[in-house]
Amino acid sequence: MKLPRRKFLRLAASAAALPGLSRGAWAQAYPNRPVRAVVAFAPGGVTDTFGRLMAQKLTEQFGKQFYVENIAGATGNIGTAQVAKTAPDGYTILFAFSSHVVNPTLFARLPYDPINDFKPVTLAVASTTVLTVNPAVPAKTLNELIALIRANPGKYSFGSAGAGTQAHLAGEQFRLSLGLDLVHVPFGGGGPAVAAVVAGHTPISFGSPQAAMQHVKEGTVRALAVTSKARSQLFPDVPTMTEAGYPEIEGDSWVGILVPAGTPADTVGALHRESMNILAQPDMKERLAALGYEVVASTPEEFAVRIKTEIDMWAKVIRAANIKAE
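Residues in the sequence shown are numbered consecutively from 1, following my numbering.
Please note that a few of the clues may not be correct.
[To be verified] Straight-line distance between alpha carbons at most 20 Å, and here's what the computed EDC-like set of lysine to aspartate or glutamate pairs gives:
no.	residue 1	residue 2
1	Lys57	Asp283
2	Lys308	Asp113
3	Lys64	Asp89
4	Lys155	Glu144
5	Lys324	Glu310
6	Lys316	Glu326
Think of the hints as simulated: they come from the structure by calculation, not from any bench.
Construct the complete structure from the given sequences, taking the supplied hints into account.
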């Protein structure tokens, strides 16, 4: 039986459309299975807490599970190396801490390339470093403190969360930039470092907002400056180093999202888009502020530039201060 011409043409057009339909409309969108989100540190730290908050929100946004896997060791190097060697398909992401830009100089050799083995998604959040002093220190401003240290070489010391930490680097950057005779005292965390200032054992501390915030509110320490480019929303009355006249003293700790190099651009775009939506949510900003972090929400390109810039910046400080990994 012969088909009428009009019906034949309709059927032929439908058949021709099928291959395109199977590739396009029938294709599964990213992600179509659970996504592993690596935190290269032990559970309980700031990166881990941020990672779990973010993974929960990404799960809600995408409708597929994002689950955190902690792969700790060597100041983040072990977990980071594992992500670098993972298939670049978007199903393994890294919540990277700012040690990512410190480790290339702190360690003689890395099992990954911090720039070429990864694609940036976003620098999500950043946290300033706060310079605090014991209230008995006769300095109400940063410039008064600098004058005091210069008048008493070798007498003053500063505490930090430990050798090679962001707080230590900030303190060394301060010391080196101003040519101060200031001794570093490493502690086993930001809390003990600030507690030593409260007790009067160490006159000065460089530390995280989370460690210092309550003590500043209670007046048991005095905050003199922050190292961020702009004033911290968490310490709006505390001037920046730049405001005090020292623009070369600047640096934050941060958490960002990286994926293995070679991850498809549309996958990176999807992760970036949903991350921006999450970081704009008021409840997320509140929870991050409690951790001492403020939202940055950069583009992938901005994050790439920052990684390169900060690797160079901290390399100068680490080499000049002869800081070694512990």
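Against the structure, the hints:
1. Lys57 - Asp283: Within the cut-off at roughly 11 Å; holds.
2. Lys308 - Asp113: holds, 12 Å
3. Lys64 - Asp89: holds, 15 Å
4. Lys155 - Glu144: holds, 15 Å
5. Lys324 - Glu310: holds, 18 Å
6. Lys316 - Glu326: Given pair Lys316, Glu326 holds - Cα atoms ~19 Å apart, limit 20 Å.
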